[in-house]
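Student: In the UniProt record's numbering, the protein residues as written are 1 to 249.
FYI, nobody ran anything at the bench for these hints, they're computed from the structure.
Some hints could be false.
As the list claims (entries may be wrong) - Derived pair list, reagent style DSSO-like, types lysine-lysine, alpha-carbon separation capped at 30 Å:
1) Lys223 / Lys191
2) Lys83 / Lys223
3) Lys223 / Lys236
4) Lys236 / Lys191
Said to hold, decoys possible - Restraint ranges, calculated between C-beta atoms of paired labels, are given here:
5) Lys191 / Glu66: 26 to 34 Å
6) Ser9 / Gln62: 17 to 25 Å
7) Leu82 / Ser202: 29 to 37 Å
8) Ile70 / Asp6: 51 to 59 Å
9) Lys83 / Arg227: 27 to 35 Å
Ideal Cβ placement from N, Cα and C applies to all residues, glycine included.
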Amino acid sequence: MAEPQDAVSLLLRRLSATSRARVGLGRAGQGLPTRETLAFRLAHAQARDAVAAGLDTEALRQRLDEDSVIVSSAAADRTAYLKDPGAGRRLDDDSRERLQPGDYDVAVVIADGLSAVAANSNALPVYAELRRIMDGAAFAPVIFAHLARVALGDEIGERLGARSIVMLIGERPGLSSADSLGAYITRSPRKGRADSERNCISNIRPDGLSHEQAARNIAWILKEAERIGETGIALKDRRDRRTLSQDAG
Numbered sequence: 001m002a003e004p005q006d007a008v009s010l011l012l013r014r015l016s017a018t019s020r021a022r023v024g025l026g027r028a029g030q031g032l033p034t035r036e037t038l039a040f041r042l043a044h045a046q047a048r049d050a051v052a053a054g055l056d057t058e059a060l061r062q063r064l065d066e067d068s069v070i071v072s073s074a075a076a077d078r079t080a081y082l083k084d085p086g087a088g089r090r091l092d093d094d095s096r097e098r099l100q101p102g103d104y105d106v107a108v109v110i111a112d113g114l115s116a117v118a119a120n121s122n123a124l125p126v127y128a129e130l131r132r133i134m135d136g137a138a139f140a141p142v143i144f145a146h147l148a149r150v151a152l153g154d155e156i157g158e159r160l161g162a163r164s165i166v167m168l169i170g171e172r173p174g175l176s177s178a179d180s181l182g183a184y185i186t187r188s189p190r191k192g193r194a195d196s197e198r199n200c201i202s203n204i205r206p207d208g209l210s211h212e213q214a215a216r217n218i219a220w221i222l223k224e225a226e227r228i229g230e231t232g233i234a235l236k237d238r239r240d241r242r243t244l245s246q247d248a249g
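Starting from the given sequences, assemble the full structure and let the hints guide the process.
Tutor: Put into structure tokens, the structure is as follows:
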């Protein structure tokens, strides 16, 4: 039978193998080992850099190789964006003029949010897989949005006349997840939509939810939203009941 200390060590090793959470780091005297202290400082610096980074629209457009539009929120710069969240929810005047309405089933916005690192590295793979899954749907030109908050997608979708909007946006960085992307899906987008009227898929990144699975989840929500005519709490409740019914069967 294993000694209690051995059992604890085994548990910590198992946790460390399945999670990037800081568990079982060891100790050096009364503190952490130098290696772990430096790793913590590096992760903190990466999180700060992610917040300050900008959306690399030039590189993204080259990789996309299809029609796209660049817009910006009403925030004057990154500092204003961080200090005034409301400015990140409104388009500036020039951007409004760039968005022309059309007969679109879906509009996809790729936005910096609080981690442009996440959008730069994860958004296009998700978009490409979503297009493959939803072949035949009418997609609007991809919108690249600078200094954007989630609700900026509502105004973008309204001006495009899109039936649904998918906002792929960098999430607030954590100490082990500076590259986490979120997807926010809203049916019939328009200014003033509440957070309860959209669905969110989070932690999209290589060490979290895969690009392929995220695209499948987004596609499911879009198709269900088309069927019932709404997103948010109502759609979530339907999905939860369906899952519970399947589990019971």
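Student: Confirm or reject each hint.
Tutor: Cross-check of the supplied hints:
1. For a cut-off of 30 Å, the pair hint linking Lys223 to Lys191 stands: about 22 Å separates their Cα positions.
2. Under the criterion of a C-alpha separation no larger than 30 Å, the hint pairing Lys83 with Lys223 is inconsistent with the structure, at around 37 Å.
3. Under the criterion of a C-alpha separation no larger than 30 Å, the hint pairing Lys223 with Lys236 is consistent with the structure, at around 13 Å.
4. Between Lys236 and Lys191 the CA atoms are separated by roughly 22 Å; this keeps the pair inside 30 Å, and the hint holds.
5. A hinted range of 26 to 34 Å holds for the C-beta pair Lys191 and Glu66, which are about 27 Å apart.
6. About 49 Å separates the C-beta atoms of Ser9 and Gln62, a value inconsistent with the hinted range of 17 to 25 Å.
7. Checked against the hint of 29 to 37 Å, the C-beta distance between Leu82 and Ser202 comes to roughly 20 Å, which is inconsistent with it.
8. Our hint of 51 to 59 Å for Ile70 and Asp6 holds, since their Cβ atoms are close to 58 Å apart.
9. At roughly 41 Å, the beta carbons of Lys83 and Arg227 sit outside the given window of 27 to 35 Å.
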